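Dock chain S against chain Y, hints included.
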Amino acid sequence: MIQVVLADDEVLARQKLRQLLREERDIEVAGECATASETIELVRLVKPNILFLDIRMPGMDGFDVIGALSEDRLPMPAIIFTTAYDQYALRAFEVHAVDYLLKPFTAERLHTAIYRVREGALANESAMGSSEVDADALGPATRIVFKSRGRILFLPVAEIRWVVAEENYVRLCTAQDTHLLRETMSHLETRLDPQMFLRVHRSYIVNLNHVKEVRTEQNGESIVVMNDGHKLAMSRGYRSRILESMRR
Amino acid sequence: MTVQPKARHRTQLVLMHPVVFLGAWVLLGTVLALQDWINLHRWGYHISFVIELEAWDMEFLIFGILSFLMWRFAGTFIQNGRLGRVLAAAFPLSVAVSVLKEMTFVLFFPNLPLNRPHMSYWERLQFHLYANVVNDMVIFWCSVFLFRGLGYYQRSLKSENIAAQLEVQLSNARLSALRMQLNPHFLFNAMNSISSLMRTDVDAADEMLEQLSSLLRISLERGSAQLIPLSDEIEFIEVYLSMQDRRYSDRIRRRVTVDPELYDVLVPAMILQPIVENAYVHGLSKIEKNGDLLIEVHRQQSYVEFTITNSGVGLIASSQKPSGHGVGISNLCNRLRLHYGEKGSFELTQLDSNLVRVRIRFPIQTSDGHSEHPTRFGAE
Chain Y
0 MIQVVLADDE
10 VLARQKLRQL
20 LREERDIEVA
30 GECATASETI
40 ELVRLVKPNI
50 LFLDIRMPGM
60 DGFDVIGALS
70 EDRLPMPAII
80 FTTAYDQYAL
90 RAFEVHAVDY
100 LLKPFTAERL
110 HTAIYRVREG
120 ALANESAMGS
130 SEVDADALGP
140 ATRIVFKSRG
150 RILFLPVAEI
160 RWVVAEENYV
170 RLCTAQDTHL
180 LRETMSHLET
190 RLDPQMFLRV
200 HRSYIVNLNH
210 VKEVRTEQNG
220 ESIVVMNDGH
230 KLAMSRGYRS
240 RILESMRR
Chain S
0 MTVQPKARHR
10 TQLVLMHPVV
20 FLGAWVLLGT
30 VLALQDWINL
40 HRWGYHISFV
50 IELEAWDMEF
60 LIFGILSFLM
70 WRFAGTFIQN
80 GRLGRVLAAA
90 FPLSVAVSVL
100 KEMTFVLFFP
110 NLPLNRPHMS
120 YWERLQFHLY
130 ANVVNDMVIF
140 WCSVFLFRGL
150 GYYQRSLKSE
160 NIAAQLEVQL
170 SNARLSALRM
180 QLNPHFLFNA
190 MNSISSLMRT
200 DVDAADEMLE
210 QLSSLLRISL
220 ERGSAQLIPL
230 SDEIEFIEVY
240 LSMQDRRYSD
250 RIRRRVTVDP
260 ELYDVLVPAM
270 ILQPIVENAY
280 VHGLSKIEKN
290 GDLLIEVHRQ
300 QSYVEFTITN
310 SGVGLIASSQ
320 KPSGHGVGIS
330 NLCNRLRLHY
340 GEKGSFELTQ
350 LDSNLVRVRI
360 RFPIQTSDGH
370 SEHPTRFGAE
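Line by line, the protein sequences are chains Y and S. The letter at position 70 of the first sequence is residue 69 when you use numbering that gives the first Met the number 0, and the numbering goes up by one with no holes. The letter at position 122 of the second sequence is residue 121 when you use numbering that gives the first Met the number 0, and the numbering goes up by one with no holes.
In isolation and in its complexed conformation, chain Y is listed as follows (with noise of 0.2 Å):
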């Protein structure tokens, strides 16, 4: 079972969570509380997989738990913010944060969050309360952090499919959504995983796991064919390139 502590001042907030969460069978919520000092405590003493975790609480804040829970050296939970403020994204980000849920949030909204910490895809803990990422330094991104509509996102890149160039924008393609980002396509192409994503246009990044099959058309194009049947031009110049890298 997956064990779960909520904290949040407001009661009917809290009922919320426990509601939407009998819904996840793995699930048990092992305790609620209304502070700060009680998360500490009850963090310390159930040590639950993923702490739900409230910003703004009397007395110390939400990053306060999480600096006194990492000054512990015990397997930090994952957390799960959230909140009504939108301007703690990037704080919350860069402490490891698995996702940043803005209230209201819907149910599928934090089955989302939920399925997150199911993948592992923030599952190494030792990184968690370790120094801040700084993206650039280090080595191809997992994940990019952006505002989409109202919407705060974790996005894992190994969800996005494509990416499309439109002038000073990128186009996020994921299975449900795209997302418009103000980046530049050769900045992202430099932060992401060249064994996950190649260029193959001026214009296209693909996620090599969602290629189904790279096609020559019969008026000489080629294209690249996604799982999902979604078709993409290919450059010529980039051709020899994907050829190669679906062969590895």
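Rather than coming from a laboratory, the hints here were simulated on the basis of the structure. Treat the hints with care, since some could be wrong.
Stretch-level coverage of chain S by chain Y, calculated; a stretch enters the list once three of its residues show a Cβ under 8 Å from a Cβ in chain Y [as the list claims (entries may be wrong)]:
| hint | stretch |
| --- | --- |
| 1 | 197 to 207 |
| 2 | 259 to 266 |
Taking CB as the label site, the calculated pair distances span [as the list claims (entries may be wrong)]:
| hint | chain 1 | residue 1 | chain 2 | residue 2 | range |
| --- | --- | --- | --- | --- | --- |
| 3 | Y | E9 | S | S248 | 27 to 37 Å |
| 4 | S | D200 | Y | M0 | 41 to 51 Å |
| 5 | S | L226 | Y | D192 | 37 to 47 Å |
Derived lysine to any residue pairs resembling SDA-like cross-links, with alpha carbons at most 20 Å apart [claimed, not checked]:
| hint | chain 1 | residue 1 | chain 2 | residue 2 |
| --- | --- | --- | --- | --- |
| 6 | Y | K102 | S | A204 |
| 7 | Y | K230 | Y | E216 |
| 8 | Y | K102 | Y | K230 |
| 9 | Y | K102 | S | M242 |
| 10 | S | K288 | S | L226 |
| 11 | Y | K211 | Y | H186 |
| 12 | S | K288 | S | D249 |
| 13 | S | K342 | S | L226 |
| 14 | Y | K102 | S | D249 |
| 15 | Y | K15 | S | K342 |
| 16 | Y | K15 | S | D200 |
| 17 | Y | K15 | S | Y247 |
| 18 | Y | K211 | Y | D227 |
| 19 | Y | K102 | S | Y247 |
| 20 | S | K288 | S | V312 |
| 21 | Y | K102 | S | L208 |
| 22 | Y | K15 | S | D249 |
| 23 | Y | K15 | S | S218 |
| 24 | Y | K102 | S | A203 |
| 25 | Y | K102 | S | R216 |
| 26 | Y | K102 | Y | D8 |
| 27 | S | K342 | S | S301 |
| 28 | Y | K15 | S | D202 |
| 29 | Y | K15 | S | L196 |
| 30 | Y | K15 | S | E206 |
If you're wondering where the values come from, they're calculated on a predicted model, not measured in any experiment. Note that the Cβ used here is the ideal one computed from N, Cα and C, for glycine as well.
Only chain S this time, still in chain Y's reference frame:
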């Protein structure tokens, strides 16, 4: 608009800085000393230039100090008092200041006038007063009128400033009032939809509530910004459209097409929502199936052009008319006029018996600094 008067205001204050003010007096003294010295030379009197300079500079320095003190202690009265009262008060003051000035001067120069047998302090004072009292009074009155003039100048700057500020405030107030009228109307409709969904489909109500919060968050983040990047406006309208999808399920096909090069162009906030809402209320809601809504944003030379085409019952059958349409649309036209004057345009056309098109054009204006959307990469 308000920057220029402020800058002029500051230069005027620089004149009244003690160093600048006294420096100006001493400079005047120096020029007069030079003139006196040259004049005396021409008439055969040979006097050391140093003595000339000392005497003239000291004289004007004393004057400078006295009139600076007058500025400090009576400046406000001279500037703002009734002219009659200022003159009445300045008359005895002019005598007092002249005498005070000569008293100080005589104290500093016991050997003046030159080449005379020994004279007592009072005799010398008498001598200087006879020689200079008219000059002293003239200079005193010049100071008084200078200060008075500065007062008029300052007041005119101030009123100019206020007028400019008022103009800005007025148009801001007008614009934000217009924007506010768009929001609550839509807000209450959405809440009513949620209230209705709550009884039939909890998940749908939940989803709509989340979307409504997203819309509120986006608008709160914009704050009072009148012009926002097109990408933000499109983001807003996409959330709005997905809310409408819920209400109209599969009856409507919709498409949004934007030239990516226009994403950073500044557009009036909430420019699309009233039009799209109109398209639903007056057109799309009246048809059973296969409704079409097409939103396009393209560039036309130096203009950005929004084209919103929707199927429905047409203008005549609905209450939608080119003139006398809803408050949302007339607000939008007003905002276009306030922002772009003659260069903005709004046009509502019936293309077909069941096809209506709205076209909006205004000059392209690009934002330089971009909004701080937090995008960051993380690696483990």
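Exercise. Given the hinted pair Y/K102 and Y/K230, is their alpha-carbon gap at most 20 Å?
Worked result: Given pair Y/K102, Y/K230 is violated - Cα atoms ~37 Å apart, limit 20 Å.
Exercise. Taking only the CA atoms, is the gap from Y/K102 to S/R216 under or equal to 20 Å?
Worked result: holds, 11 Å
For this session: Assess, step by step, whether the Cα of Y/K15 is no farther than 20 Å from the Cα of S/D202, and give holds or violated.
Result: holds, 13 Å
Problem set entry | Restraint check for S/K342 with S/S301, where alpha carbons must lie at most 20 Å apart | holds, 11 Å
For this session: Starting from Y/K102, check that the Cα of S/M242 is at most 20 Å away, please.
Result: holds, 17 Å
For this session: Could you grab the alpha-carbon distance between Y/K15 and S/E206 and see if it respects the 20 Å cut-off?
Result: holds, 14 Å
Problem set entry | Hinted pair Y/K15 and S/L196, Cα distance within 20 Å | Given pair Y/K15, S/L196 holds - Cα atoms ~18 Å apart, limit 20 Å.
For this session: Decide if the proposed pair is consistent with the structure: Y/K230 and Y/E216, CA atoms, cutoff 20 Å inclusive.
Result: holds, 11 Å
For this session: Mind checking the alpha carbons of S/K342 and S/L226 for me, to see if they're no more than 20 Å apart?
Result: Holds - the C-alpha atoms of S/L226 and S/K342 are around 16 Å apart, at most 20 Å.
Exercise. Taken at face value, is the distance from the CA of S/A204 to the CA of Y/K102 at most 20 Å?
Worked result: Satisfied, since the Cα-Cα distance of roughly 14 Å is no more than 20 Å.
Exercise. Between Y/K15 and S/K342, is the straight-line Cα distance small enough, at 20 Å or below?
Worked result: At roughly 52 Å apart (the allowed maximum being 20 Å), S/K342 and Y/K15 break the hint.
Exercise. Has the stretch 197 to 207 of chain S got at least three residues whose CB is nearer than 8 Å to a CB belonging to chain Y?
Worked result: holds (count 3)
Checked against the numbered hints given earlier, the structure breaks hints 4, 8, 10, 11, 14, 15, 17, 19, 22, 23 and satisfies all the rest.
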